[in-house]
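The task is simple: from the sequences and hints, build the whole structure.
Chains A and B supply the protein sequences, listed in that same order.
So in our numbering, spot 196 of the first sequence is number 968, and the numbers just go up one at a time.
So in our numbering, spot 282 of the second sequence is number 999, and the numbers just go up one at a time.
As a list, the in silico DSS-like pairs of lysine-lysine whose alpha-carbon atoms are at most 27 angstroms apart: (1) A:K1046 to B:K737; (2) A:K1050 to B:K1012; (3) B:K1014 to A:K1050; (4) A:K1046 to B:K1014; (5) A:K1046 to B:K1012; (6) A:K1065 to A:K1050.
The set of hints was computed from the structure by calculation and includes no laboratory data.
These numbers were taken from a predicted model, which means no experiment stands behind them.
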Amino acid sequence: MKALVTGANGFLGQSVVAALLAQGHSVRAFVRPTTDVQKIGWPDSVEIVRGDLRSARELASAFAGVDVLVHLAAAVTGGDEAQFASTVTGTERLLTAMAETACRRIVLASSFSVYDWSVIRGTLDERSPLATGAALYRRDGYAIAKAWQERITRRFAAQHGWDLTVLRPGYIWGRDHGYLGGLGQRVGRLHIVVGPFSHLPLTHVDNCADLFARAASDPRAVGQTINVVDGPGERIWGYLGDHLKGTGERGTRVPVPYFVAFNIVRLAFATILKRNEKLPGLLIPCRFEARMKPLRFTNHRAQELLGWHPPYSYAECLRRTYGSQLTEHG
Amino acid sequence: MRAALIGAGQIARLHLNCLKTLPGVQIAAVCDLSPAVAESVAERYGIPAWFTDHLAMLREVKPDVVHVTTPPTSHFRLAMDALQAGAHVLVEKPATATLAELEQLVRYAGERQLSITEDYNYVFNHATREIARWVDTGRLGAVVHVEVMMVLNLFGPGGFADPNAGHAALRLAGGALADFLPHLTSLAHRFIGAHRRAHAIWTKRRASILPYDELHAVVEGERGTATLGFSSTAQPDALWLRVFGECAQASTNLWETRLTLERLRDGPKPLQPLLNGLEEGRAVRRAAIGTLMRKFKPGPGAYDGMWHLLGATYDALARSTPLPVPVEQVLAVNRMTEAIKPVEAAP
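Set out below in C-alpha cells:
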C-alpha cells in the first residue's frame, strides 16, 4: 500500500510516516517547499513531494499511484482567518485535486476540539454532540477550522463515494510536546492546575501514529469515526508532575477545583467582561470548558473495531518523551 | 441598503463586524472563491446567501453597495463588475494595483452616477479625528509637517514574508509594503493635502522573499510637508502619527489609544517642558490603561476608524450627501501613493 501523507514533517506526521514504514507500507511525504527533510532523517524509500496546500497550482500529480491519503496537514498557530485559510481552504484544494485521481481512500486527522464540550456530561465518545452553529463560532480559530475541515472532507467523500475514516485524537504528546493546553495556566513558576484530579484525553504521538497507520490499511476502519486516546488518561496533577520531573523545569503546582475556576470565569464573562469574544480563550466559558472540563474518555471503539491497543504503556511513553530522567517509571 | 462582499477573508470579517451593527444596512450576500470560506462566513454572520461566483451574486442579489475585500490585484476587475451591475463600491486599500486602473473605475462610476470610495480607516480613528479637530479649531496652529511611521514585523510565520505561500500583495510594485502604503498616504493627505512632489527610498535590510522591507519618503503637499515611513525590522509594532503645527505638536500611536500634545503655554518659559511633560505623562498613563481595557471590551478595538467611516459612508449614500472619502480624495491619495512607489527593479 502506498500512502500520501500531508503534514508529514509535523509532530504527528513524522511518527505516522515511521509507523506506516514499520507496518510495511510505502510513503510519499507531502511537505512545504522550504522544509529541510535532511534533518528529519527519513530513509531513501520515502518519496518527497513539495508544495503548499494554500497556494500550489497543481496537486493531482502527488496522488499518482497512491492508495490512501493520510491527511494530517492543519495550521496550529496564527489568527482565526489564517488557520481557516490554511486548514480548510488547503483541504478544499487538496481534495479537489484528489477527485481528479484514482485514489478513493482517505484517513483524516480531526480533533477532540470538534466536540461541543459545553453540553457533554460524563463520558466523551464518538456519539457526543459536535459544536455547530453559534456554539462553534464562539470557539477558537483552531476548533472552527478543524470542524470545517472535517465537514468538507465528509462532503467530498460522500460526493465522490470515497472510503473515509475520521480519527479524532485528544491531546497528542511526546518529545518537546509535553506541555498541554489542558494542564491549566502557567504564571511564571506557578502552575495553576484547574481540576487537578481530572483525567486528560492523552495519546502519545507514537501510539496515535500506530492507530493512523493501522486505520489506513484496515478495511474495518472504512466509514468509521474513531476517537484516539491511549485509555482513560492520566490525571492532570500526576501528568504535570511527570512533565516537570522529566524536563527538569522548576515549578510549583497550585490546585484549584474546576467548578470554582469555571464559575468565576462564567460570572466574570457575563458581567464585567460583557461577553466579549475577543478575550483570551481562558476567559471565555466554552473555550475554558474545551480545555479543562473534567470528562471521562475511552478508546473502546478503536478496540472493538480494529482490536487496537496502544503499543506503548504510559511508562514507556514517558521514557520516549523525556529519556531516562524518570527512572522510577522506566 | 443591501450590502454584499466579494472576498470573505480577514479584512472582510472586520467589515462584517461593523456592518451588522449599522442600522438600515442588510448584509445580503457574501462571495469567496473558497466555498467553505463563503459558507462559513455566511453561517457565522447570519447572511442569507453565499456565492463562489461574484457575477452570479451581483446578478441574483442586486446589492446596493459592494465591498471589494479580496487581494489587491483583483480589485480592479471586481470593482468594475460591481459598478457595471449598478452597485456603489467600497474597495479595500490599495484600491487598485495601478493609478490608471483607478482612474478608469472613477470615470466609469461617474458616467453611471455611482460612488466609489476606498477604506482609509486610520484617517477616521478617534485620535486622528481629534488632531484634525485641533487643527480646525486653531489649537495646533497651521500645519507645518506630518510624520507617519508604521513599524510592523512582516517576518512572522504565515505572514507576508512566508516563503512557502507567496502572499498576493507581493505582486504589487513595492511588494508587501505597497499593501500598507495607502495608510501612510491617506493620513498625510488628511493634513497636508495633495502632493506636489515626493521622493522615496526603498531598501531591504533582511534576506527574505520581500522585494523591500523598509520605505522612507519625503512629500511636499499643498499645506505642508510629510515624511512617511514603513519599517519591517524596527520593533515594537506601532503606527505613529505626529502633526507639527505652528502652536503645538500632536502625537499618537494609532494602534494604541495614546494621544499627546505639546504646546506653547502662557507663563515662564522654563516651566513649559515641565508642564508639558506632566500633561504628557498623565495622557500616556491614561492611554496605557485605555489600550488594555479596549481589549476587554466588545467593539471595533483599533478599527474604530473603519466603523466610523463605514457608518458615515452608508449614511451619506442613504441621504445622497457627499461621502466621507469623496472620489477626489481617493484620486489625490492614490496619486501621492503612485509618486512614492518604486520605479526601479527591486535590489
